[in-house]
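From first to last, the protein sequence lines stand for chains A and B.
Using UniProt numbering, the first residue of the first sequence is number 1, and each one after it goes up by one.
Using UniProt numbering, the first residue of the second sequence is number 1, and each one after it goes up by one.
Think of the hints as simulated: they come from the structure by calculation, not from any bench.
Heads up, some of the hints might be wrong.
Said to hold, decoys possible - In silico DSBU-like links for lysine-lysine, alpha-carbon gap of 30 Å or less:
(1) A:K199 / B:K115
(2) B:K85 / A:K20
(3) A:K9 / B:K113
What the hints assert, rightly or not - Covered stretches of chain B (chain A as the covering partner; in silico rule of three or more C-beta atoms under 8 Å from a C-beta of chain A):
(4) 43-55
(5) 74-81
(6) 169-175
Built from N, CA and C at the ideal position, the CB exists for glycine as well.
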Amino acid sequence: MRQFLTFIKKEFSHVLRDRKTLLILFGLPVVQIIIFGFALSNEVKNAKIVVVDYAKDDVSRQIMNKIEASRYFELEKRSLAHHEVEAGFKEGQIKLAVVFPANFGADLLHFNRAQLQVIADASDPNLANTLTNYLSTIVMDYQLALNENQAVPLQIGTEVRMLYNPQLKGAHNFVPGVMALVLMLVCVMMTSISIVREKELGTMEILLVSPFKPVLVILSKAVPYLILSLVNVASILLLSVFVLDLPVKGSVLLLFAESTLFIITSLSLGLLISVRAQTQQTAMLISMMGMLLPTLLFSGFMFPIENMPKVLQYISNAVPAKWYYIIVKSIMIKGLSLSAIWKETLILFGITMFFLMVSLKNFKIRLA
Amino acid sequence: MEAVIKTDKLTKRFGDFIATNNITFEVYAGEIFGFLGANGAGKTTAMRMLTGLSTPSSGSATVAGFDVYRETERIKKNIGYMSQKFSLYEDLTVMENIRFFGGIYGLSDKAIKEKSDMLVEQLGLASEKKKLVGALPLGWKQKLSFSVAVLHDPKIVFLDEPTGGVDPLTRRQFWDLIYAATSRGVTVFVTTHYMDEAEYCNRISIMVDGSIKALDTPYNLKREFGVGSMDEVFYKLAREARRSAD
Ligand SMILES: Nc1ncnc2c1ncn2[C@@H]1O[C@H](COP(=O)(O)OP(=O)(O)OP(=O)(O)O)[C@@H](O)[C@H]1O
Ligand SMILES: [Mg+2]
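Can you build the whole structure from these sequences, using the hints too?
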């Protein structure tokens with residue numbers, strides 16, 4: 001145990017003495033928060049929407065058919081009650097709900113105007129925005145067709161409600177994304193580099209010749225980065241609360257617990273890389289290409305996964321950042337508790353165990 | 001005499017290439033054993049098998065009485081090692097390095113304190129002990145590296161070209177440290193390219209292309225080859241080498 005503490009202390013000295021490492025470690029989150037502040041627009045296909053039809057008349061049915069025919073939407077025929085919509089959002093299956101009030105068709109016929117309501121899950125603001133725009137266009141089209149042989153024009157109004165994130169703050173979306181990205185980068189790159197550096201310098205040999213257990217070498221490499229990463233999580237959250245005005249709705253404790261799990265995933269990936277790589281440059285390159293890219297592409301943070309070809313959607317399931325991103329979004333923005341995200345947590349746990357096993361097995365006790 | 005290292009036909013292959021070929025020798029307790037050979041002869045490879053860093057391809061060996069295949073953990077408790085690459089942390093200070101290596105060898109804080117004070121005094125590093133190791137001249141780094149390798153009083157210390165690139169005066173001082181260690185009962189297994197250093201050893205072996213071609217005291221070897229210096233002994237053997245120097 002004392003040996004272990006000695007080692008951890010030494011790791012901290014390395015980190016704290018290296019300006020470059022420090023800069024990456026703590027500059028990165030700040031820079032990323034700023035960079036990703038610029039929201040990106042997305043195109044959407046086949047987003048699931050649900051209809052709450054209190055009217056059940058010809059007009060509501062016709063609009064429903066129009067929506068269904070569009071390539072943008074996949075209509076769920078489930079007729080949920082108004083209050084069940086929010087539950088649907090929380091499950092994450094449904095992105096948009098269309099509510100036809102009881103007298104929708106009748107109003108249109110008698111008063112020449114009627115109002116339908118669109119409720120969007122705005123925890124992903126880009127997606128919500130795009131979806132509501134598409135939907136309004138469909139309704140407008142329908143209205144135009146309807147008015148072709150009408151003396152008095154009929155008007156269908158669309159009232160849009162954004163749930164969870166009424167101001168469509170992009171930050172809601174990118175803060176969890178930045179967290180996933182920063183943790184992945186810092187943990188994978190830093191651990192792999194710090195282990196490979198010892199190989200390069202020759203100190204790894206000295207460590208392996210000492211009675212200090214190789215598995216402890218790994219653990220003592222992991223612990224400082226785990227701690228520093230949790231500090232990173234804290235600083236991103238502080239930035240988000242005090243600079244971006246974005247509160248954490250759910251349990252902060254749960255958020256840290258899930259982050260710890262994700263950090264362990266990343267640390268084991270870093271370890272896996274360090275087993276293969278012989279130089280720090282290689283370690284850095286593999287970390288960049290092998291981790292950063294999939295994380296950016298497949299976490300759902302920059303590009304909606306719903307839009308991707310099926311193959312890529314399957315691939316995305318193997319990317320740990322995707323699950324972590326969903327989890328953080330659910331806790332931070334939707335304020336959900338563990339009972340709502342246990343499935344994602346379990347998947348992330350599974351992936352973590354897998355990588356941890358593989359990398360521990362691959363870490364050679366002897367060098368040859 | 002008690003043998004603390006025994007090898008029997010110890011061999012290491014890398015694919016088709018035999019780096020260390022059937023080497024058999026013994027090292028006795030308390031002696032300074034010189035392990036000589038040209039570049040690429042296989043010295044480092046042999047040393048890595050003995051320290052548990054690398055698994056032999058065939059043959060057998062014991063170090064401090066423990067088997068190199070099955071008992072590496074126990075071997076590690078009994079040896080010190082200074083690798084061919086300089087291997088202290090340059091971004092840590094002299095004291096931090098001593099504390100770290102003492103720590104992972106499980107020395108108590110008190111023992112570390114005592115030993116480091118003594119060591120720093122002995123090396124004349126008292127005024128530099130808070131300096132980063134990276135800022136020290138090479139000779140001092142090597143001396144420090146050796147002192148750290150024997151900090152935990154190992155039975156055997158393995159030194160892989162400990163004086164490479166160091167000036168003659170510093171090399172003399174380095175050997176004074178080695179003698180001081182042997183007087184405390186440490187057995188020294190050392191590789192070197194300097195023939196004057198070979199003369200300091202109790203016994204030496206000379207490796208050529210992976211095999212041991214000669215093994216005896218410097219005196220006997222010179223007599224056997226009918227020459228006046230170790231240089232000439234080495235030259236006679238090494239010119240048969242086929243492996244190009246790397
Ligand atoms: N991991 C390896 N894979 C393949 N070949 C290797 C490996 N390690 C060493 N060799 C080869 O084995 C031979 C012996 O190498 P070794 O490092 O043991 O020589 P050495 O006697 O220590 O030389 P030097 O004086 O240059 O340090 C060399 O030709 C080297 O290229
Ligand atoms: Mg060598």
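According to a criterion of three or more residues whose C-beta lies within less than 8 Å of a C-beta of chain A, is the segment 74-81 of chain B covered?
With 4 residues close enough to chain A, the hint holds.
Given the hint that A:K199 pairs with B:K115, test it: the Cα-Cα distance must not exceed 30 Å.
holds, 28 Å
Hinted pair A:K9 and B:K113, Cα distance within 30 Å
Holds: A:K9 and B:K113 sit about 17 Å apart, inside 30 Å.
Are 3 or more residues of the segment 169-175 of chain B near chain A, judged by a Cβ distance of less than 8 Å?
violated (count 0)
CA of B:K85 to CA of A:K20, is that 30 Å or under?
Between B:K85 and A:K20 the Cα gap is close to 25 Å, so the pair holds against 30 Å.
Do at least three Cβ atoms from the segment 43-55 of chain B come closer than 8 Å to Cβ atoms of chain A?
holds (count 6)
Comparing the model with each numbered hint stated earlier shows that hint 6 is the single one that does not hold.
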